[in-house]
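Peer 1: Here's the letter readout for the chains.
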Amino acid sequence: MDEPILSIRGLTKTYRNGPRALDNVDLDIRPGEIFALLGPNGAGKTTLIGAVCGLVRPSGGTIHAFGHDLSRDWRSARARIGLVPQELATDMFETVWRAVAYSQGLFGKPHNAARIEEILRSLSLWDKKDAQIRALSGGMKRRVLIAKALAHEPELLFLDEPTAGVDVELRKDMWEQIAALKQRGVTIILTTHYIEEAEEMADRVGIIQGGRIRMVDEKRAMMERLGTTEAVIDLTAPLTQLPEALAGFGAVLSEGGTRLTYRGGNGQGRGRAEVAQLAQALTRAGIGFTSLDIHDSSLEDIFVGLLGTEQEVA
Amino acid sequence: MHFNPRSAFAIYQREMARAFRTAFQSILAPVLTTSLYFVVFGSVIGARMEPVGGVPYGAFIIPGLLMLTLLGETTSNASFGIYMPRFTGTIYELLSAPVGVAETLAGFVGAAATKGLILAAIILATARLFVDYEIAYPLLAAVYIMLVASSFALFGFILGIWADSFEKLGIIPMLILTPLTFLGGTFYSIRDLPAPWDAVALVNPIAFLVSGLRFSFYGVADVPIAVSLGLTLGFLGLCTVIIAVIFRTGWRLRE
Ligand SMILES: Nc1ncnc2c1ncn2[C@@H]1O[C@H](COP(=O)(O)OP(=O)(O)O)[C@@H](O)[C@H]1O
Ligand SMILES: [Mg+2]
Numbered sequence: 414m415d416e417p418i419l420s421i422r423g424l425t426k427t428y429r430n431g432p433r434a435l436d437n438v439d440l441d442i443r444p445g446e447i448f449a450l451l452g453p454n455g456a457g458k459t460t461l462i463g464a465v466c467g468l469v470r471p472s473g474g475t476i477h478a479f480g481h482d483l484s485r486d487w488r489s490a491r492a493r494i495g496l497v498p499q500e501l502a503t504d505m506f507e508t509v510w511r512a513v514a515y516s517q518g519l520f521g522k523p524h525n526a527a528r529i530e531e532i533l534r535s536l537s538l539w540d541k542k543d544a545q546i547r548a549l550s551g552g553m554k555r556r557v558l559i560a561k562a563l564a565h566e567p568e569l570l571f572l573d574e575p576t577a578g579v580d581v582e583l584r585k586d587m588w589e590q591i592a593a594l595k596q597r598g599v600t601i602i603l604t605t606h607y608i609e610e611a612e613e614m615a616d617r618v619g620i621i622q623g624g625r626i627r628m629v630d631e632k633r634a635m636m637e638r639l640g641t642t643e644a645v646i647d648l649t650a651p652l653t654q655l656p657e658a659l660a661g662f663g664a665v666l667s668e669g670g671t672r673l674t675y676r677g678g679n680g681q682g683r684g685r686a687e688v689a690q691l692a693q694a695l696t697r698a699g700i701g702f703t704s705l706d707i708h709d710s711s712l713e714d715i716f717v718g719l720l721g722t723e724q725e726v727a
Numbered sequence: 006m007h008f009n010p011r012s013a014f015a016i017y018q019r020e021m022a023r024a025f026r027t028a029f030q031s032i033l034a035p036v037l038t039t040s041l042y043f044v045v046f047g048s049v050i051g052a053r054m055e056p057v058g059g060v061p062y063g064a065f066i067i068p069g070l071l072m073l074t075l076l077g078e079t080t081s082n083a084s085f086g087i088y089m090p091r092f093t094g095t096i097y098e099l100l101s102a103p104v105g106v107a108e109t110l111a112g113f114v115g116a117a118a119t120k121g122l123i124l125a126a127i128i129l130a131t132a133r134l135f136v137d138y139e140i141a142y143p144l145l146a147a148v149y150i151m152l153v154a155s156s157f158a159l160f161g162f163i164l165g166i167w168a169d170s171f172e173k174l175g176i177i178p179m180l181i182l183t184p185l186t187f188l189g190g191t192f193y194s195i196r197d198l199p200a201p202w203d204a205v206a207l208v209n210p211i212a213f214l215v216s217g218l219r220f221s222f223y224g225v226a227d228v229p230i231a232v233s234l235g236l237t238l239g240f241l242g243l244c245t246v247i248i249a250v251i252f253r254t255g256w257r258l259r260e
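Those protein sequence lines, which keep their order, are chains H and P.
With this note's numbering as the guide, the letters of the first sequence map in order to residues 414 to 727.
With this note's numbering as the guide, the letters of the second sequence map in order to residues 6 to 260.
Bound-form chain H, shown alone (with noise of 0.2 angstroms):
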């Protein structure tokens, strides 16, 4: 595997007269892959990002990007990190144009206004370059963030909530943007607290909760976990054994034959849609059923589980 982008030891953060913000947090990101790090409100993801772009500073662990340890080596770090944040902070008067231009120099680059106009251009900004960005709307305030995140081409880029309170279509449109950004080999570190949107987006999703976290891996396999519908079928009268027409469904026999468990789906809708065909193929083959019981596992399941067992460790 390739050496990690950004590879965080130990990260602790303890607001002053505040809670334990992030606890004891190992992560190592992956160059090229988008990370989606999930939580609910509070679990300390905004926190995790601020240490990472010297908005935060930490209470303890290390934090290193590209190599450079970030405590001394921050300047040749930064430079190469973008960060879009999770408020709408802009300077209202300013024009698209300027605003993005000025990110440019901050960040040490020389004046490139080609690069400009392709950043605006693809974020379907430019036809309001000269607008000031009190004069738009909110989805579009987020773009010009994104584009001054992007003005300085980093290799890194963080977003915090990128769609929160952004419409449906919005939030398509950025999810295609993201997919770009991934294929020009930018590594993409999201947070969210839709797993849709995780699952839509990421390589890899790690879910944050209480300052910890929770579990780190694949989004394939996480999404099994996360993603799995279960049906529970009580039976008329007891089954010793599964018709042929059933087989396929993967459903098992339990309680002496009375009870017949679905596990499966894939978070989008198709255990559902499997659950529907076994009632309908369970009619076809002439066996009766009382209840039907459909429970699709989510990330809250996750969570109470997790919680669940970190109360029995307590």
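Keep in mind that the hints were calculated from the coordinates and are not lab data.
Backbone N, C-alpha and C fix where the C-beta goes; we use that ideal spot for every residue, glycine too.
Certain hints may be false.
[Unchecked claim] Derived Cβ-Cβ restraints for the label pairs, each shown as a range:
{"no.": "1", "chain 1": "H", "residue 1": "Asp540", "chain 2": "P", "residue 2": "Val44", "range": "22 to 28 angstroms"}
{"no.": "2", "chain 1": "P", "residue 1": "Leu37", "chain 2": "H", "residue 2": "Thr425", "range": "54 to 60 angstroms"}
{"no.": "3", "chain 1": "P", "residue 1": "Arg259", "chain 2": "H", "residue 2": "Trp588", "range": "27 to 33 angstroms"}
{"no.": "4", "chain 1": "P", "residue 1": "Arg259", "chain 2": "H", "residue 2": "Asp540", "range": "33 to 39 angstroms"}
{"no.": "5", "chain 1": "P", "residue 1": "Gln30", "chain 2": "H", "residue 2": "Ala544", "range": "19 to 25 angstroms"}
{"no.": "6", "chain 1": "P", "residue 1": "Val44", "chain 2": "H", "residue 2": "Arg429", "range": "37 to 43 angstroms"}
[To be verified] If you want a taste of the chain P side facing chain H, the calculated C-beta under 10 angstroms gives, among others:
{"no.": "7", "residue": "His7"}
{"no.": "8", "residue": "Asn9"}
{"no.": "9", "residue": "Ala22"}
{"no.": "10", "residue": "Met89"}
{"no.": "11", "residue": "Thr93"}
{"no.": "12", "residue": "Ala102"}
{"no.": "13", "residue": "Val104"}
{"no.": "14", "residue": "Glu108"}
{"no.": "15", "residue": "Asn209"}
[Claimed, not checked] To give a feel for the contact side, a few chain P residues facing chain H, derived at Cβ under 7 angstroms:
{"no.": "16", "residue": "Arg11"}
{"no.": "17", "residue": "Ala28"}
{"no.": "18", "residue": "Tyr97"}
{"no.": "19", "residue": "Pro103"}
{"no.": "20", "residue": "Lys173"}
Starting from the known structure of chain H, fit chain P with the ligands onto it as the hints suggest.
Peer 2: Here is chain P with the ligands on its own, set in the frame of chain H:
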């Protein structure tokens, strides 16, 4: 020591653009205040005043008035320049950039010095409408104005980092700078004060600033120019050190 001139220039340009966006206000306000002072103190009262140290009263008050506006404008301008990004959250960009205290100060303070010179030129042009005067050492005056503008830009910068409300931002210029400038010999020579007030007045550091600028204008001063210059440089150095410490510790900048 790293220094990235492009970053510093980006900050400088943005600070200048900010001033030009509100150019109407930044030009009109000092023109208006200066005119009012000249109408009241220069023409109406000044007509009945004796020359001070051989300088006609109307001309005598120019350096003091210049200092009054320069200190107020520079301090509040610089304090707003850093307070607003903290307030709106746009400071995230400065903090996440490969930019250290050197670039930040070069950008902010360079812009403040430039604005100070422009402001001084506007005030002097306005004054010309009311009284005749000649500047004895124009180069010294320009350098001195830039030094004072830079020092108080640094001071305003500290103020803008310290303040956690708009009230606090306004309180120092209003409650400290303006009174001290008034008492610092803007409208009189502190040598003319009766004892012991002439000595007490020298506790006020701004008296040295006014005196220094007046020397560069007319070659007369309440205290030696070297003392004024030294004090200004000392203040500049002190503010720089304070800001370097603020950046190092991240006080009020980084959580
Ligand atoms: N500036 C701050 N001062 C004190 N506590 C803070 C500050 N910022 C965040 N916190 C606390 O730290 C925890 C993590 O917050 P945050 O990193 O913003 O979470 P997330 O981005 O996952 O919603 C929360 O409990 C939050 O209240
Ligand atoms: Mg957050």
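Peer 1: All hints, please: hold or fail.
Peer 2: Evaluated hints:
In this structure the hint that H:Asp540 and P:Val44 lie 22 to 28 angstroms apart at CB is violated, the actual value being about 51 angstroms. Here the CB-CB span from P:Leu37 to H:Thr425 is close to 55 angstroms, well matched to the stated 54 to 60 angstroms. Checking the proposed 27 to 33 angstroms range against P:Arg259 and H:Trp588 shows it holds: the Cβ atoms sit about 32 angstroms from each other. For the pair P:Arg259 and H:Asp540, the beta carbons lie near 37 angstroms from each other, so the given range of 33 to 39 angstroms is met.
For the hinted restraint 19 to 25 angstroms between P:Gln30 and H:Ala544, the CB-CB distance of approximately 23 angstroms keeps it satisfied. Checking the proposed 37 to 43 angstroms range against P:Val44 and H:Arg429 shows it is violated: the Cβ atoms sit about 53 angstroms from each other. Interface hint at P:His7: satisfied, since its Cβ lies 6 angstroms from the closest Cβ of chain H, which is below the 10 angstroms cut-off. With a least beta-carbon distance of about 4 angstroms to chain H, the hint placing P:Asn9 at the interface is held under the 10 angstroms criterion.
At its closest, the beta carbon of P:Ala22 sits 7 angstroms from a beta carbon of chain H; the interface hint therefore holds under the 10 angstroms criterion. The interface hint given for P:Met89 is met, as the beta carbon of that residue sits about 9 angstroms from the closest beta carbon of chain H, less than 10 angstroms. Taking 10 angstroms as the C-beta cut-off, the interface hint given for P:Thr93 holds, the closest approach to chain H being about 6 angstroms. Because the smallest distance between the Cβ of P:Ala102 and any Cβ of chain H comes to about 5 angstroms, under 10 angstroms, the interface hint for this residue holds.
The closest approach between the C-beta of P:Val104 and any C-beta of chain H is roughly 6 angstroms, which is under the 10 angstroms cut-off, so the hint is satisfied. A distance limit of 10 angstroms between C-beta atoms decides the matter here; for P:Glu108 the minimum to chain H is near 9 angstroms, and the interface restraint holds. Taking 10 angstroms as the C-beta cut-off, the interface hint given for P:Asn209 is violated, the closest approach to chain H being about 37 angstroms. Residue-level restraint check for P:Arg11 holds (minimum Cβ-Cβ distance to chain H is 5 angstroms; threshold 7 angstroms).
The criterion of a C-beta within 7 angstroms of any C-beta in chain H is not met by P:Ala28, whose closest approach is roughly 13 angstroms, and the hint is violated. For P:Tyr97, the shortest C-beta to C-beta distance to chain H is roughly 5 angstroms, which falls under 7 angstroms, so the interface hint holds. Restraint check, P:Pro103 versus chain H: the minimum CB separation of about 4 angstroms is within 7 angstroms; hint holds. Against a cut-off of 7 angstroms between C-beta atoms, the interface hint on P:Lys173 is violated, since the closest Cβ of chain H lies about 20 angstroms away.
Violation of the numbered hints given earlier is confined to hints 1, 6, 15, 17, 20; the remaining hints are satisfied by the structure.
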